[in-house]
Amino acid sequence: DGGITQSPKYLFRKEGQNVTLSCEQNLNHDAMYWYRQDPGQGLRLIYYSQIVNDFQKGDIAEGYSVSREKKESFPLTVTSAQKNPTAFYLCATLAGIGYNEQFFGPGTRLTVL
Amino acid sequence: QKEVEQDPGPLSVPEGAIVSLNCTYSNSAFQYFMWYRQYSRKGPELLMYTYSSGNKEDGRFTAQVDKSSKYISLFIRDSQPSDSATYLCAMTATGANSKLTFGKGITLSVRP
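Chains A and B supply the protein sequences, listed in that same order.
Read in our numbering, the first sequence has 12 at position 12, and its numbers run on one by one without any break.
Each position in the second sequence, counted from 1, maps to that position plus 113 in our numbering.
Incorrect hints may have been included.
[Stated by the list, open to error] Okay, the calculated beta carbon distance ranges per label pair:
hint, chain 1, residue 1, chain 2, residue 2, range
1, A, Q41, B, N135, 13 to 21 Å
2, A, A81, B, S222, 16 to 24 Å
3, A, G63, B, Y162, 26 to 34 Å
4, A, E69, B, R224, 43 to 51 Å
5, B, Y164, A, S7, 19 to 27 Å
6, A, N18, B, P225, 44 to 52 Å
7, A, Q41, B, S222, 16 to 24 Å
8, A, Q41, B, G129, 26 to 34 Å
9, B, L124, A, D54, 36 to 44 Å
10, A, Q41, B, L159, 14 to 22 Å
11, B, R224, A, N28, 38 to 46 Å
12, A, A81, B, P225, 46 to 54 Å
13, B, L159, A, P8, 38 to 46 Å
14, B, E116, A, G63, 47 to 55 Å
[Claimed, not checked] A few chain B residues facing chain A, derived, Cβ under 10 Å:
hint, residue
15, V117
16, S141
17, A142
18, Y145
19, Y149
20, K155
21, L159
22, Y162
23, Y164
24, R173
25, K212
26, F215
27, G216
28, K217
29, L221
[To be verified] Heads up, simulated EDC-like pairs for lysine to aspartate or glutamate below, C-alpha to C-alpha not over 20 Å straight-line:
hint, chain 1, residue 1, chain 2, residue 2
30, B, K212, A, D54
31, A, K9, A, E24
32, A, K83, A, E62
33, A, K9, B, E158
Rather than coming from a laboratory, the hints here were simulated on the basis of the structure.
Heads up, the beta-carbon is just placed ideally off N, CA and C, and yes, glycines get one too.
With the sequences and hints as input, model every part of the structure.
Set out below in structure tokens:
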């Protein structure tokens with residue numbers, strides 16, 4: 001998994017609760033990404049950040065929030081506004097401008113009870 | 114039309130078979146093409162990376178890009194049970210905003 005850690009591996013949430021998924025990297029990569037993966041739907045981009053203290057919405061940002069206070073960390077909060085949060089969440093990094101290969105963490109499986 | 118279309122699966126082949134996985138795309142700005150392999154309940158890992166048109170070979174794997182047809186392929190020779198996984202194609206244009214566009218993935222099963 002190349003220096004990207006995600007925790008926890010499995011997470012259970014009751015409806016109405018906010019939960020935060022952790023993503024940490026020691027690759028010294030500038031950009032970080034959050035994807036959601038559902039069966040048969042591929043990877044969908046939630047948020048991404050190209051530098052510290054800056055981030056942009058992806059294709060499905062509603063109900064999610066992020067922060068990028070440190071280069072190494074890009075936590076994702078799944079809020080109660082996300083109506084269908086059960087999914088596999090993947091964090092990825094990119095070395096920087098001029099690079100195109102993204103590297104993925106091991107993922108967090110979130111289940112809403 | 115979706116930006117990236119990937120052949121639907123699942124795909125099941127006997128050990129030793131040649132496997133061909135394909136994606137088509139509509140955005141002519143795409144210049145970089147990748148194949149990721151994802152084992153069950155794991156994150157995707159980069160398998161092959163190709164710039165523009167042409168072929169790239171790495172062991173049993175060959176990536177092929179035909180930009181004129183907007184078509185990319187991944188060939189697996191002498192397939193092994195350990196190749197059983199989901200394969201995702203991904204692509205991006207040049208520039209600072211390097212967002213990848215992914216295919217939906219195809220699940221391959223190689224039978225011993």
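Comparing the hints with the structure gives:
1. The hinted window of 13 to 21 Å between Q41/A and N135/B holds, with their beta carbons roughly 19 Å apart.
2. Checked against the given bound of 16 to 24 Å, the beta carbons of A81/A and S222/B, roughly 38 Å apart, lie outside it.
3. The supplied range of 26 to 34 Å is met by G63/A and Y162/B, whose beta-carbon atoms lie about 33 Å from each other.
4. Range check, E69/A to R224/B: Cβ separation about 49 Å, and the 43 to 51 Å hint holds.
5. Between Y164/B and S7/A the beta carbon distance is about 34 Å. The supplied range of 19 to 27 Å is therefore violated.
6. Between N18/A and P225/B the beta carbons are some 46 Å apart, a value that agrees with the proposed interval 44 to 52 Å.
7. At roughly 20 Å, the beta carbons of Q41/A and S222/B sit within the given window of 16 to 24 Å.
8. Checked against the hint of 26 to 34 Å, the pair Q41/A and G129/B passes, with Cβ atoms roughly 32 Å apart.
9. In this structure the hint that L124/B and D54/A lie 36 to 44 Å apart at CB holds, the actual value being about 41 Å.
10. For the pair Q41/A and L159/B, the supplied restraint of 14 to 22 Å holds, since their beta-carbon distance comes to about 21 Å.
11. At about 42 Å, the beta-carbon gap between R224/B and N28/A stays in the expected band of 38 to 46 Å.
12. A hinted range of 46 to 54 Å for the beta carbons of A81/A and P225/B is consistent with their spacing of about 47 Å.
13. For the hinted restraint 38 to 46 Å between L159/B and P8/A, the CB-CB distance of approximately 25 Å leaves it violated.
14. Restraint check, E116/B to G63/A: a C-beta distance of roughly 24 Å breaks the suggested window 47 to 55 Å.
15. For V117/B, the suggested interface contact is upheld, since its CB lies about 8 Å from the closest CB of chain A, less than 10 Å.
16. The beta carbon of S141/B is not positioned within 10 Å of any beta carbon in chain A (closest approach about 17 Å), and the interface hint is therefore violated.
17. About 13 Å separates the beta-carbon of A142/B from the nearest beta-carbon of chain A, more than 10 Å, and the hint is not met.
18. For Y145/B, the shortest C-beta to C-beta distance to chain A is roughly 4 Å, which falls under 10 Å, so the interface hint holds.
19. Contact between Y149/B and chain A, as hinted, is supported at the beta carbon level, the nearest pair being about 8 Å apart and thus within 10 Å.
20. With 10 Å as the threshold, the beta carbon of K155/B comes within range of chain A, its nearest partner Cβ sitting at about 6 Å, so the hint holds.
21. With its C-beta approaching chain A no nearer than about 5 Å, L159/B sits inside the 10 Å limit, and its interface hint holds.
22. Interface hint status for Y162/B: upheld, as the beta-carbon distance to the closest one in chain A is roughly 6 Å, under 10 Å.
23. At its closest, the beta carbon of Y164/B sits 8 Å from a beta carbon of chain A; the interface hint therefore holds under the 10 Å criterion.
24. Against a cut-off of 10 Å between C-beta atoms, the interface hint on R173/B is violated, since the closest Cβ of chain A lies about 20 Å away.
25. For K212/B, the suggested interface contact is upheld, since its CB lies about 6 Å from the closest CB of chain A, less than 10 Å.
26. Because the closest C-beta pair between F215/B and chain A is about 4 Å apart, less than 10 Å, the hint holds.
27. Satisfaction of the interface hint for G216/B is found here, the shortest Cβ-Cβ separation to chain A being roughly 6 Å, below the 10 Å cut-off.
28. At about 4 Å, the closest approach between the beta carbon of K217/B and any beta carbon in chain A falls short of 10 Å, and the interface hint on this residue holds.
29. Proximity of L221/B to chain A is violated relative to the hint, the smallest CB-CB distance being about 15 Å (cut-off 10 Å).
30. For the hint linking K212/B to D54/A, the alpha-carbon distance of about 15 Å falls within 20 Å, and the restraint holds.
31. At roughly 13 Å between alpha-carbon atoms, K9/A and E24/A fall within 20 Å of each other, so this suggested pair holds.
32. This hinted pair checks out: K83/A and E62/A have alpha carbons roughly 9 Å apart, not beyond 20 Å.
33. The suggested pairing of K9/A with E158/B holds, with an alpha-carbon distance near 17 Å, which does not exceed 20 Å.
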